[in-house]
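Chains A and B supply the protein sequences, listed in that same order.
Our numbering applies: residue 1 is where the first sequence begins, and numbers increase by one.
Our numbering applies: residue 1 is where the second sequence begins, and numbers increase by one.
Hints in this document: simulated from the structure, not taken from any laboratory.
Remember, predicted model here, so these are calculated numbers, not experimental data.
Check before you lean on any hint, since a few could be wrong.
Claimed, not checked - Computed list of lysine-lysine pairs in DSS-like fashion (alpha-carbon distance at most 25 Å, straight line): (1) K132/A to K198/A; (2) K253/A to K198/A; (3) K253/A to K228/A; (4) K91/B to K228/A; (5) K253/A to K232/A; (6) K91/B to K232/A; (7) K15/A to K91/B; (8) K15/A to K34/A; (9) K132/A to K259/A.
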Amino acid sequence: MIAPKKPEIITFRIKRQDARDAQPYWEVFEVPYKPNLNVISCLQLIAENPVTREGRQSRPVVWDCSCLEEVCGACTMVINGRVRQSCSALVDQLLEEVGEGEITLEPMTKFPVVRDLWVDRQRMFDNLLRFKGWVPIDGTHDLGEGPKESPEEQELRYELSRCMTCGCCLEACPQFTLDNDFIGANTFGQVVYFNAHKTGRVLMNERLDALMEPGGIADCGNAQNCVKVCPKDVPLTIAIAKAGRQTTVHSIKRFFTGKR
Amino acid sequence: MTQSAVAPSSSFLDRHHFLLRRLHSLTGIMPIGVFVMFHLFTNMQMAFSTFQHEVDWIHSMPALLFLEVFGLWLPIAFHAGLGLIYTFNAKYNTRHYRYGGNWRYTLQRVTGILALIFILVHVATLRWRWPILGEHTPFFAWGWAVPGSGGELVPLATATTALAIQSSLLVILLYVVGVFSAVFHLANGLWTAAITWGLTLTQQAQRRWGYVCIAIFLGLASFSAMALYASVTYQASEVEKASLAKTLEVYRQTGVYPHKGDKPHPPGHEPEAVETRLIMPPATDP
Ligand code: HEM
Ligand code: SF4
Ligand code: SF4
Ligand code: FES
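With the rest of the complex left out, here is chain A (with noise of 0.2 Å):
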């Protein structure tokens, strides 16, 4: 819904930092309103002029993106206290939330600030590697046909494809932390739609075993804040208890069996 009266002016308070440990503060930019801004047309409109409300001279604010559709993550930060991505972030609703207030931008805080409002997600590629979110298909002999799958199961591999990695789901986690080993929901997703690959389940008891390693799905308190504020409606509730599932069986057939 828009709202009946439009500000002429659009205040946005911006948490800044100029190096990876610095010290992080805050500036007040102003931009004049227009119908359909976005988050990122602001950043560009401040980046054209970085003078703060005071008057004073800035610097550009950092942030980082590419796709501008909410298909990559890459510009994914706090808008208003809530984690989202600043492209599909529309001025308007977010006037509706603050009222007559002023925006607020911060980085996420559960991942390391490189500068500004770019952050460093490696820690979730680095989980995708740990946790082979491949299906293994390398070499040159033939594999023949590919698996047959039901639509129940390609309906639920489709939802769990569309992570982009963006990191909403570990901002908003209470158990995820910037300096814990909690491996976090995404991953999650991932690990439950490999192993649900015909293919990829060849990999699905290493996956299993490094997810009951420290930090792994036993970590998770079921807030459920993950599928709260997921873009891509990945459906993560599913995939931890699905998780949670595939490592009970998995411990119990390995108590049993030993490991070799």
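Dock chain B with the ligands against chain A, hints included.
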């Protein structure tokens, strides 16, 4: 790339991480959760006349101390110990993410701590009879044969608990907060445990199991409410009051609540010195 296997030099806790966390979940359900369900069912009988009978039955169990240590104290210490670590390592964010699940998550940890405080006070007073609340301490005492009782033991399980609860708002508050915290914690714990173990997969299954957990919550909460109501409105008989007065008299003189096996009898309370006597229940223990 991060290492995918835990190095052999890693600590015991790291190597058995998964097992320990599943044991945390398991101990919450069994034995602790099952015990709490039975315990609250017993308490509900404060509202009826069968409470004393239940208490006597528990006291007549063989190897009671063994059952207590391995069935209750160690599991509770384990569950509470790990629970406290989880509680203080979380990064709560209900201010920005006001979802029902997030509130339940936070409440699970708050009620865990409240239940822990309550359990400690509850066991210290009623089981170990530490008189930490002075004369307001709910304690368990064997009865006295007082004039009017026909020389019979006056069982005091209901009376001592009820009168202690009536004696101070603090004790009522302790019991209301403690018991309802434990009930919420158990019901919500059963809901999350079903996800943890992988029983409830889909949202629909989780919702259905949620209704069951709400029913468990309401059932246990009403048992507790009945017990508390019965305690607050309990009217002690004259004989019970006399027996209790005797107990308090001994407490004032000695600082301890008289109990089976207490030796020596406080001065002036040697069995032959007074016509009211502390009666030992018939020796059923081995
Ligand atoms: C009244 C006795 C208690 C009962 C019946 C009980 C029961 C439970 C149950 C069934 C769970 C669910 C486990 C799961 O999600 O898999 C649980 C979780 C939990 N309990 Fe308790 N508990 C009790 C006391 C405590 C105490 C004293 C603490 C200490 C603060 C505590 C802290 C926790 C925490 C933090 C969790 C969440 C664990 C997680 O989700 O990973 N509990 N409890
Ligand atoms: S699961 Fe959703 S919130 Fe998490 S990284 Fe993937 S797209 Fe983002
Ligand atoms: S369910 Fe809760 S604790 Fe588990 S990953 Fe999601 S937000 Fe984190
Ligand atoms: S720029 Fe790709 S999601 Fe926003």
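Hint check:
1. K132/A to K198/A: 15 Å, holds
2. K253/A to K198/A: 20 Å, holds
3. K253/A to K228/A: Judged against 25 Å, a Cα distance of about 33 Å means the pair is violated.
4. K91/B to K228/A: 17 Å, holds
5. K253/A to K232/A: Given that 25 Å is the threshold and the Cα spacing comes to 34 Å, the pair is violated.
6. K91/B to K232/A: 24 Å, holds
7. K15/A to K91/B: 20 Å, holds
8. K15/A to K34/A: 23 Å, holds
9. K132/A to K259/A: 20 Å, holds
The earlier numbered hints that this structure contradicts are 3 and 5.
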